[in-house]
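J.: Sequence:
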Amino acid sequence: MNLFRKITDFFIIIVLVIACVPEASIKASEKDFHDRNIVWFEDGSYCISDIVVENAVTINGNRHVVRSATKTRTATKYNKYYNADDELQFIVGVTARFKYDGQSAVAQNSSYGYDVINTRWTFLSGESYCDGASASANCSFGTPSETKRISVTIVCSPDGRIN
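Residue numbers (the working numbering): 1 to 163.
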């Protein structure tokens, strides 16, 4: 058997092996949720926090973040505010771009967004800012009888981990 035939057979085997891998076992997405956290308030209301990191890949149920050569990371943290009756009222999010180098990290820019679910609430004010390796957003919502201020902070470690 000549060398060309051996190389061709090898590549055919590789293609067949890759084709046989179940599609569900390798799933790539641009965004992936992790680090869900719940904060309870005295009145029984609560916030559920989710972090979405750009360029995350899930392989066989395990999350892996794609590291870029430029060592930058974009991530969003959402706080979903629920009343004591477990009804979603509004959502606040902060998105930030971080740069890291293994020794330090810095938030380069940030923005905030919100979505009012229960029309009883109105958006009053909001801001976002960067401070070192963290980015934060503060938003206030009001009803005729109460005001809620929700803060969201996202942090990048020197090795690119988002919390």
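For the record, the hints were derived by calculation from the structure and aren't laboratory data.
If you're wondering where the values come from, they're calculated on a predicted model, not measured in any experiment.
Every residue gets a Cβ at the ideal spot worked out from N, C-alpha and C, and that includes glycine.
There's no promise every hint is true.
Unchecked claim - Derived lysine to aspartate or glutamate pairs resembling DMTMM-like cross-links, with alpha carbons at most 25 Å apart:
1. K148 x D86
2. K148 x D101
3. K71 x D115
4. K80 x E146
5. K71 x E146
6. K99 x E146
7. K148 x D115
8. K148 x E87
9. K99 x E42
10. K80 x D115
11. K71 x D86
12. K80 x E127
13. K148 x E54
14. K99 x D86
What the hints assert, rightly or not - Now the in silico label distances, taken between C-beta atoms and shown as ranges:
15. G132 x Y46: 41 to 49 Å
16. D131 x K71: 18 to 26 Å
17. V116 x F41: 13 to 21 Å
18. K71 x T119: 13 to 21 Å
19. Q108 x Y46: 37 to 45 Å
J.: If a hint holds in the structure, say so; if it does not, say that too.
T.: Do the hints match the structure? See the list:
{"no.": "1", "hint": "K148 x D86", "verdict": "holds, 16 Å"}
{"no.": "2", "hint": "K148 x D101", "verdict": "violated, 37 Å"}
{"no.": "3", "hint": "K71 x D115", "verdict": "violated, 31 Å"}
{"no.": "4", "hint": "K80 x E146", "verdict": "holds, 18 Å"}
{"no.": "5", "hint": "K71 x E146", "verdict": "violated, 43 Å"}
{"no.": "6", "hint": "K99 x E146", "verdict": "violated, 39 Å"}
{"no.": "7", "hint": "K148 x D115", "verdict": "holds, 14 Å"}
{"no.": "8", "hint": "K148 x E87", "verdict": "holds, 15 Å"}
{"no.": "9", "hint": "K99 x E42", "verdict": "violated, 37 Å"}
{"no.": "10", "hint": "K80 x D115", "verdict": "holds, 9 Å"}
{"no.": "11", "hint": "K71 x D86", "verdict": "violated, 39 Å"}
{"no.": "12", "hint": "K80 x E127", "verdict": "holds, 17 Å"}
{"no.": "13", "hint": "K148 x E54", "verdict": "violated, 29 Å"}
{"no.": "14", "hint": "K99 x D86", "verdict": "violated, 37 Å"}
{"no.": "15", "hint": "G132 x Y46: 41 to 49 Å", "verdict": "violated, 28 Å"}
{"no.": "16", "hint": "D131 x K71: 18 to 26 Å", "verdict": "holds, 20 Å"}
{"no.": "17", "hint": "V116 x F41: 13 to 21 Å", "verdict": "holds, 18 Å"}
{"no.": "18", "hint": "K71 x T119: 13 to 21 Å", "verdict": "violated, 43 Å"}
{"no.": "19", "hint": "Q108 x Y46: 37 to 45 Å", "verdict": "violated, 31 Å"}
The structure is inconsistent with the numbered hints 2, 3, 5, 6, 9, 11, 13, 14, 15, 18 and 19, although it conforms to all the rest.
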